[in-house]
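Asker: Quick note: the sequence shown uses the working numbering, first residue 8, plus one each step.
None of these hints come from the bench; they were simulated from the model. Among these hints, one or two may not hold up.
[Said to hold, decoys possible] DMTMM-like, lysine to aspartate or glutamate: derived pairs with alpha carbons at most 20 Å apart: (1) K57 <-> E118; (2) K125 <-> E77; (3) K57 <-> E130; (4) K171 <-> D142.
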Amino acid sequence: FRADLSDYRNSGFDRGHLVASDNMDDEVIQNSETFLLSNMSPQAPQFNRKKWRALEHAVRKLDLTENVLETYVITGPIFDFYASIQMIGENDENGIRIPVPSHFFKCILTEEKSGRLKMWAFEMENADLSDDLADYRVTTAHVEQRAGILLWDKLTGPEIEVEKNTVRNMW
């Protein structure tokens, strides 16, 4: 199973980056790897080019904040299995079909210079969205449940549980 460019051609979906190219501009090789299909997922064009891009920009802005020492991001697809899953790539000759996620998540963890950890989480429908970014804030615990994964699972303690269950204001 290996996607290729023909799976996206005339599908109506962008090859949406999970790790943005602008986030990996320190080294040429790092940046070129963001263009591998393994870093891409079918995204509705207006979602990819507007709201998702705005969120990527907001995370980069957060990373440049004076008190932030390190920023970590986990991004991925969410599939709503209660609805039919759309596929792309059905009309080419490679025999590969790619499922289109119904939603995407982005979870952000910052370590401040003081050592304090803060978390933000977002879930967005893979569609043309018009609301403010703040309207898509959710808890990290919500994303864990929706995506069926554990995030930041090596971090433990009561403060981490509070962070995982907090919808934090925008930066």
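Asker: State for each hint whether it applies.
Answerer: These are the hints, each one checked on the structure:
1. K57 <-> E118: Violated. K57 to E118 sits at ~28 Å, over the 20 Å cutoff.
2. K125 <-> E77: It holds: about 11 Å lies between the C-alpha atoms, which stays within 20 Å.
3. K57 <-> E130: Status holds; Cα separation ~15 Å.
4. K171 <-> D142: holds, 18 Å
Hint violations for this structure: number 1 only, all remaining hints satisfied.
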